[in-house]
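S.K.: What follows is each chain in one-letter form.
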Amino acid sequence: MTILVIAEHDNKVLAPATLNTVAAAAKIGGDIHVLVAGQGAGAVAEAAAKVAGVSKVLVADNAAYAHQLPENVAPLVAELGAGYSHILAAATSNGKNILPRVAAQLDVDQISEIISVESADTFKRPIYAGNAIATVQSNASVKVITVRATGFDPVAAEGGSAAVEAVAAAHDAGTSSFVGEELAKSDRPELTAAKIVVSGGRGMQNGDNFKHLYALADKLGASVGASRAAVDAGFVPNDMQVGQTGKIVAPQLYIAVGISGAIQHLAGMKDSKVIVAINKDEEAPIFQVADYGLVADLFEAVPELEKLV
Amino acid sequence: MKVLVAVKRVVDYNVKVRVKADNSGVDLANVKMSMNPFCEIAVEEAVRLKEKGVATEIVVVSIGPATAQEQLRTALALGADRAILVESAEELTSLAVAKLLKAVVDKEQPQLVILGKQAIDSDNNQTGQMLAALTGYGQGTFASKVEVSGDSVAVTREIDGGAQTVSLKLPAIVTTDLRLNEPRYASLPNIMKAKKKPLESLTPEALGVSTASTNKTVKVEAPAARSAGIKVKSVAELVEKLKNEAKVI
Chain A
1 MTILVIAEHD NKVLAPATLN TVAAAAKIGG DIHVLVAGQG AGAVAEAAAK VAGVSKVLVA
61 DNAAYAHQLP ENVAPLVAEL GAGYSHILAA ATSNGKNILP RVAAQLDVDQ ISEIISVESA
121 DTFKRPIYAG NAIATVQSNA SVKVITVRAT GFDPVAAEGG SAAVEAVAAA HDAGTSSFVG
181 EELAKSDRPE LTAAKIVVSG GRGMQNGDNF KHLYALADKL GASVGASRAA VDAGFVPNDM
241 QVGQTGKIVA PQLYIAVGIS GAIQHLAGMK DSKVIVAINK DEEAPIFQVA DYGLVADLFE
301 AVPELEKLV
Chain B
1 MKVLVAVKRV VDYNVKVRVK ADNSGVDLAN VKMSMNPFCE IAVEEAVRLK EKGVATEIVV
61 VSIGPATAQE QLRTALALGA DRAILVESAE ELTSLAVAKL LKAVVDKEQP QLVILGKQAI
121 DSDNNQTGQM LAALTGYGQG TFASKVEVSG DSVAVTREID GGAQTVSLKL PAIVTTDLRL
181 NEPRYASLPN IMKAKKKPLE SLTPEALGVS TASTNKTVKV EAPAARSAGI KVKSVAELVE
241 KLKNEAKVI
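Listed in order, the protein sequences are those of chains A and B. Note that the working numbering has the first sequence beginning at 1, numbered continuously upward. Note that the working numbering has the second sequence beginning at 1, numbered continuously upward.
You may find that some hints are simply not true.
To be verified - In silico DSS-like cross-links for lysine-lysine, where the CA-CA straight-line distance does not exceed 30 Å:
#, chain 1, residue 1, chain 2, residue 2
1, A, K307, B, K243
2, B, K2, B, K197
3, B, K2, A, K270
4, B, K20, A, K195
5, A, K124, A, K27
6, A, K307, B, K169
7, A, K124, B, K197
8, A, K185, B, K145
9, B, K169, A, K270
10, B, K241, A, K219
11, A, K195, B, K247
12, B, K169, B, K102
13, B, K195, A, K273
14, A, K124, A, K280
15, B, K16, A, K280
16, A, K195, B, K233
17, B, K169, A, K211
18, B, K241, A, K195
What the hints assert, rightly or not - Which bits of chain B does chain A cover? Going by a derived footprint, with three or more residues having C-beta under 8 Å, they are:
#, segment
19, 59-73
20, 220-229
Please keep in mind that the hints were generated in silico from the structure rather than gathered at the bench. Backbone N, C-alpha and C fix where the C-beta goes; we use that ideal spot for every residue, glycine too.
Work out the full structure: start from the sequences and follow the hints.
M.R.: Structure follows, in structure tokens:
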């Protein structure tokens, strides 16, 4: 068995989610190859070659792949991947965008967002916003799978010495083009990679009040998230949303502030190691999953917490 | 311009689902069913395109049991012009659904197909991308803004860490994210009118599509429950516990 892992990157840096995906590949077992499709992504290929457990890195360097347009990248992955037993990608916005297109081109069903590997053909994945866990078996010749990063501890980024090989294949479907990108700039760690996450909900009352959470987060070296209620109310942008329809996080410590604990939010954070809930409503469902609950007015508790940590 | 919208009948998002005792699936008996929330956003976007004069006809399609007619009627009440039901009693994979939608696309020749980014039951997030692969069209997934101009559509997409805009040649596939729009409610007169709008029933056989699958669900279990912890009385006690008991700060 040989497994092809699609590298997640921005042409400069290999994203940490790739290490979790390689970890899932290692659980399946067999040779692991990594595909870096991009433009001028030499540094990414070098980083991928050092990842523990990777035996070969394929580099497809072409302007058509610069922005990970699925119309161009999917045919490349389908062409290269047809000879592999498994094709894996992180369940990031790129992975979710590209991989189903690959699966359809190969005429196989995809298995989305696996959280565990039971055997080489059987995997577990959450359905119904995490309210049920399905065990799914695939008899496809090539198993096409996206991997939920929080389900697998990352492999070491150093220690490997894989061969790097160039791939000539150029696919430019000509049906799509990149126009622009607006990325939120932040000095705080990325939500899905942070060891501590502080999240606010509707109880924050407005976007300005999130400054209390930013202050606490900066003291703790934490990232800041939000519930869908806070996003829908326009307090903060959607990319801060933690939940089934947003980001799935599993940090060492998750501090939920003014969050009631809707099912859809719990699905995004219930795998956190330690959960703290601060809410003035002692009946809030968030307390049913919290290791430490504090019934208090968040506008008093959060500044006090910031002083004491 | 003709717009095709695909909708799915799913468990209402307010329902807390329970796993069946024999682990064969989720108990759907006597549970409230609704249109998938992301599909509601897809219908709304199509209706807005028609109100702007960009779309001339909205065809709504669902693939599922006979009861999915209810969701199609809802879409008709919201502003779709006619409906197609591809009736299938069995549970289909995203690839099978994409193949059926491809057959409907071949028949209807829409310039734009709008789908929800994922259904809240299977949580697959695959169908739109697969339909794009099968038709060879460009795809604008997780859309927060859709602007048609001439023979192309600009789609702003929600991506990790921000937003990306791509331009797609028409015909194209768009899948909706939460912030694309806020769906309206159907008015009573429109619900009455929707009953008279045309609804065509088809079958996978009639469309000549095989719905065979390479995936098999072996079992469905309830997730490991997380037990409630303790209530602390003060911020000071919380900090003490986090430092000395949980050792996370």
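S.K.: Now tell me if each hint is right for this structure.
M.R.: Evaluated hints:
1. A:K307 x B:K243: With a Cα-Cα distance of about 14 Å, the restraint between K307 (chain A) and K243 (chain B) holds, given a limit of 30 Å.
2. B:K2 x B:K197: 17 Å, holds
3. B:K2 x A:K270: Not satisfied, since the Cα-Cα distance of roughly 43 Å exceeds 30 Å.
4. B:K20 x A:K195: Violated, at roughly 36 Å.
5. A:K124 x A:K27: 13 Å, holds
6. A:K307 x B:K169: 55 Å, violated
7. A:K124 x B:K197: 43 Å, violated
8. A:K185 x B:K145: With a Cα-Cα distance of about 21 Å, the restraint between K185 (chain A) and K145 (chain B) holds, given a limit of 30 Å.
9. B:K169 x A:K270: Violated, because 41 Å separates the two Cα atoms, which is more than 30 Å.
10. B:K241 x A:K219: 18 Å, holds
11. A:K195 x B:K247: 13 Å, holds
12. B:K169 x B:K102: Given pair K169 (chain B), K102 (chain B) holds - Cα atoms ~18 Å apart, limit 30 Å.
13. B:K195 x A:K273: It is violated: about 52 Å lies between the C-alpha atoms, which goes past 30 Å.
14. A:K124 x A:K280: 37 Å, violated
15. B:K16 x A:K280: Status holds; Cα separation ~24 Å.
16. A:K195 x B:K233: 25 Å, holds
17. B:K169 x A:K211: The given pair, whose Cα atoms are some 42 Å apart, is violated under the 30 Å limit.
18. B:K241 x A:K195: 18 Å, holds
19. 59-73: violated (count 0)
20. 220-229: That given contact holds, which follows from 7 residues of the segment 220-229 of chain B lying within Cβ reach (below 8 Å) of chain A.
The structure fails hints 3, 4, 6, 7, 9, 13, 14, 17, 19 (numbered hints given earlier, in ascending order).
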